[in-house]
Structures are given as structure tokens and as C-alpha cells.
Amino acid sequence: MKRIVVVGSGASGVHFAQTALELGAHVTMLDVGRVAPSPVLPDASFARFKREHDDPAGYFLGKRFEGVLFPGAKGEYYGFPPHKGFIFASHERFSLRAQGFDPLHSFARGGLAEAWTGGAFPFHERELTDFPISAQELHASYGVVAGRIGISGAADDLARFTPVHENLSAPLALDEHSRRLEERYARERTRLNGELRTWLGRTRAAVRAEDTAGRKGCTKLGRCLWSCPREALYTPSITLRELQHDERFTYLDGRFVTRVEADDANRVRRVHVIELASGRAEALDADCVVLAAGTLASGKLFLDSLRAHAGSAPVLRGLMDNRQVLVPFVNLAMLRRRYEPDSYQYHQLALGIERDDPRHYVHGLITTLKTALIHPIVQSVPLDLRSALWIFRNAHAALGIVNVNFHDERRDECGIELEVHGDSTRLVVRYEPSREEPERMRTALSTVRRALWQLGCVVPPGMAHVRPMGASVHYAGTLPMSAERRALTTSPVGESHDISGLYFADGSTFPFLPAKNLTFTLMANADRIARHVARS
Amino acid sequence: MADRATLERECDVFARYLAASAGDSYVKAQYVAAHEAGVVELAGTTAFQRRVVSLASSAPWSLRALDVHSRVFANGGLLRRKLVLLLAILETRAPHDVELDTPTAGSAASMFVRMAWIGVVFALLLVASTVVLAPVALLSRAGDSK
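Read top to bottom, the protein sequences are chains A and B.
Sequential numbering of the first sequence, starting at 1, is according to the working numbering.
Sequential numbering of the second sequence, starting at 1001, is according to the working numbering.
Quick caveat, the hints were computed from the structure, so don't treat them as lab data.
Please read these numbers as outputs of a predicted model, since none were measured by experiment.
Every residue gets a Cβ at the ideal spot worked out from N, C-alpha and C, and that includes glycine.
The calculated label-pair distances, taken between Cβ atoms and stated as ranges, are:
id : chain 1 : residue 1 : chain 2 : residue 2 : range
1  : B       : Thr1006   : A       : Glu436    : 53 to 61 Å
2  : A       : Thr219    : B       : Gly1044   : 43 to 51 Å
3  : A       : Arg51     : B       : Thr1045   : 30 to 38 Å
Which residues of chain B face chain A? A partial, calculated answer using Cβ under 8 Å:
id : residue
4  : Ala1037
5  : Asp1101
6  : Ala1108
Please model the entire structure based on the sequences and the hints provided.
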């Protein structure tokens, strides 16, 4: 029996493992595995939570008030929930330095997708032209994963950009603000589709509307931002928990993987790890190692392995990430209405802007503002706080944000490499935006503003926020899959062309990054790779 | 850092300014705890900023004008940090969360009229507070440099 070792319990790792197990393999998963805090008052709505929790400030702002966004603080329009801090907490054994990039990584059970907003947008065939794989094969895997995790959406106008796959379930009921936007779109469709080449439709989200197969459906507690206590919004730790019931699955947490060892024929032999509780070094024999730790961590592991084997490590070029721009808007038809706290909190609508080159498609997630903390927004209004509060309370239900995503391509100036410090190494991440980016953003944001105006919304001038590279956490491209056997690439099924038996199931192998959240594609691709590995 | 009684008085005055009702004992305890955690008063806090806070706390009628002045000239200063901290605490706590976030009655059109009025008052308060505070700021700066 082939000994398969998977590194990392994120979206890619757990779906690789699930498929391999379903096909009869034995799987050992190595993970640092930081654990999420237990849900608090799991059946309480957002409003009830504030009434019944004995320390609501501690919960929402953190014991050290780290969730308070003071004036002048750098960053976003919202504070990150303190109890989700375990997701992005770094690890002393993982050293990293970045230029032009604000990298995020995770050592949590379930990985970075524990903090995702559930956007599940399949890549279109036109976006897969650089991938040496069959679009049909990937689309079959979208259906498999959708059946496992529950993807809701509709076969509407956006399907021209995000194909409909198997097991797409009915979307959640819209909140009032989103419903009004959708109704306005129906009236303005001709102009939006024609002149602005903009289409709007229901988002695709990994959230279940109904109780299904042991998972609870969304009951609109309004606590999505604070981690859904019912787990109606899918996260990979749910799958990890399910896998742990399989006797052919071994989960070894508290392990930090340091490198993969290959034999003289460049064939994987074992995995070296540090058992974190004792600090003891261990080695596990393996016939097949699957790196699913995320593009940065998997890249470092690969480089450390090459360095141990060959004495030096190359530069991995082609790092990609989606540039994101947050465009706030005010829907004039929603002014002076009460916002809906008891509703789904993430994006319910999405918009797509067509470009001459279909690979340059621009994607926007439309989120209407509900239960996010209000103080970061109120204090950003250029008025005294009392006046700002009066305006905010009357405009709250009318506020929304479009998270505009842009595609990225592999370029030599972006990449990762090792920096050696005695016995240890540090990962160095370098990123430079493309020269075309400013013009690409300018034209797309102009279209977004005009489209919002057509939908009855105003974009306050000067409020668009260009997120730093790295903020979207859609990292990819450092070891692209290639039909040709070339160094520092992988086969179409994710096997390294440098070390046989070493597979990459995360974003490392993507040769192109469309303007879409890639998590759903990571899961589908991991399912696809697992089928090849388990059958080979 | 100010003593507990001073901070509780501040909290009381600032809560009435933001939410139109005093904070309960939990809100006050959180307000004090944040100060004790060292997240409010930063290393660069000046004597002038402390005087502004002291004035705002002892003369609540001046608070809005001081807030206006701070928003323009010292957005990251002590008064704004304290007010934003308190707003953050209040929004997590019932019933203040509802007080802070319920729309007032009226039409969208009347909202724009009110916003225009808010803008006018803001401008007037900015002029008035600058006229009063500019000399105080200069004197404080001179005092600090000695």
C-alpha cells in the first residue's frame, strides 16, 4: 500500500485526503494544527449575543483591545475579529521577509480558508488556457467538491463568467439591500450589459441554506464575520474533523515539517519533521508526499529540500496574487432604513466586467454592510464623532462595498527564494506590480463607479482603498504545471519535475490567476490530483 | 495615565456625548481596562492633548467643538483615541448598540438638509475652536520645549 503523506490541513490538503481515502488509500496528514476557540453562545443571534455575553467587549475587541481601530490606523474599513487571530498567527520556525508584498500564512487547522468569505467561483474554460489540463476534468471536480461542502448560487447572468457545475444548490434569500440592487439591475440590464459590459448575479458561496447531510443550514444569526457558530459557512476544519473518523486517516498535529528527503534517483523517501511539544526531530517514510501548505510554505519546504539535497536552492519565479480594490458605495434608496442584523453577512451578489481578452475579466463581490463593527467607519468620516454617528446610523443600511478583483500573470520579477542564516533559512518574497496595472485599475474602477450609479448608488470620492499585494491571500504560480518536463515546474497532475513522488496540491502549480477567489479551484484541483495519485 | 475616578468621569461625559446616555459599570470598567492596557495614551501624547481631554471632561458643553478641532488638527491625538475607544466599547454592549445604530425618523431628503446643516455647524465650530485653542496650543508647545 502506497504511503501518502499530506502536509497541511487547508482547503487543498483536506480535499486531497478525502478523495484519496475515498479511493482506498491510507493518508497521514502532518500539521502544526492550531485549534480554533470553541463557539460561544452558538444559537444566539448577533443582537442576542450582545445582550447575553458576559464580556462582549472582550469578545469583539479582544482582551487587549486589539480589535479597536484607532484613528490613523493603517488598513481596512473593518477590524479583524480577535478570536480569529489564531488563523494568521505566525510560527517561530517559519521565518519570512517580504518586499512589495504583505504576506499572510496560517498554521491553523483548516488553514487560511478558516477566514474566507466563502466565495466559490469556478474558473471558466477561457481562464484555463494556460493550464495543461482538461477543463472538463476540473469541472467534474468542482461538482464533487460542491457536493461535499455545499455551494449555493444560481444559473443567472454571471454564469457567462462562472460556469454552472454539478451540485449547485439554491442560494440564500437576499437581504433587503441586495434585493433592491438585484431589482434595479433587472431594470437597467440593457445599459449595463451593453455600454458597460457589466453583468450582475447571485454570488457563489460555500454556505448551505438548508440542513443537509449532518451540516446545519444558515439560520441568519448574523455572526458570519465572527465565525459561523453553526458551521453553515464551510471551512476546511469541518472536513478535517470528518476525516478523523476514517481509520485509514492519521492526523499528526503539533508537527512542523522541515523538508522532504529524496534518494539518489531523486525519488521521495521520507519527510523530516519537528515534534513541537518536545522539539524532537522525526522522520516519516513516504512513497508520496503531497505539499498542501499554501504557496509560500510549500515553496519554502521545496527550496529547503532542494538545498539539503543539492547544496543550493534556486529562485522560484512567477508568484501571483489578485490585486483587490475595495470600493464603498451608498445606495440612495436605502437611506434612513434599519439595517438587517439577522441576515447573511458576506457577499450575496457579484458583478463581472467583460474585457476584450477574456482572461482579463474583472470580478467584484458586492457586500452590503450589516454587522461589521461600526467604529472604524464612523471615525473615518471627516466630521466630529457625534455628527459622524448621526450620519452613519441613518446611512448604515445603505452602505455597501464592492471588492474588485484583478487577474495576475506569472512574471519573473515576482518570486520567492531562500536567505540562509547559519543553519536556518528565511523565505524572501518579492513582488512588483505589472506596468499595466494602474491603467487596468483606472478603467475597471471607472466602470464599477458607473455601474453602481446605474444601480442607484453613489461612490464617495476618494474612498476606494487599494489593498496591498498579499492581502487577498490568493497566492499561486511558483511551480507551474507544465506539459513539458522542465525543472521547477510540475506535471499536469502536480508532480514535481525535480523530485518524483513529490506533489503540490495547492496554488503553487497554477500557471495563471484569474480575477477570482481561488479556494474552490484549489479544492477541485486537489480532488483531481488525488484521483491520479490514488490510481497510479 | 489618569486615575480611575478621572477615567470614569471621562467615560461618563464622553458616553453622553456619543450615545446620549451614561455608560454602565461594565462600560466604565472596559474603558479603564483599555487605559491600563496602554492602548490609548501613546508615547507622543503632548501636554496640550491632555489639556484638551481635561477640558472636554470638565466642561461637556465644549466637547463637540474640541472633537471638531481634534478631527482636523489631531485626528490621532488623545481625545479622538479616547472617543473612538469608547465608541468601540459601546457598540459591543446592549442597549448602547441599538442607541448608536438606529436611524432617526424622516425622509432621505431631510437627511441631506440635516447633513448640510451639520457641515455648516462643523465649519463654525472649527473656526471658533481654532481661535480659542491656537494660542493655548502655542503656549503649551512653548512650555513643552522649556
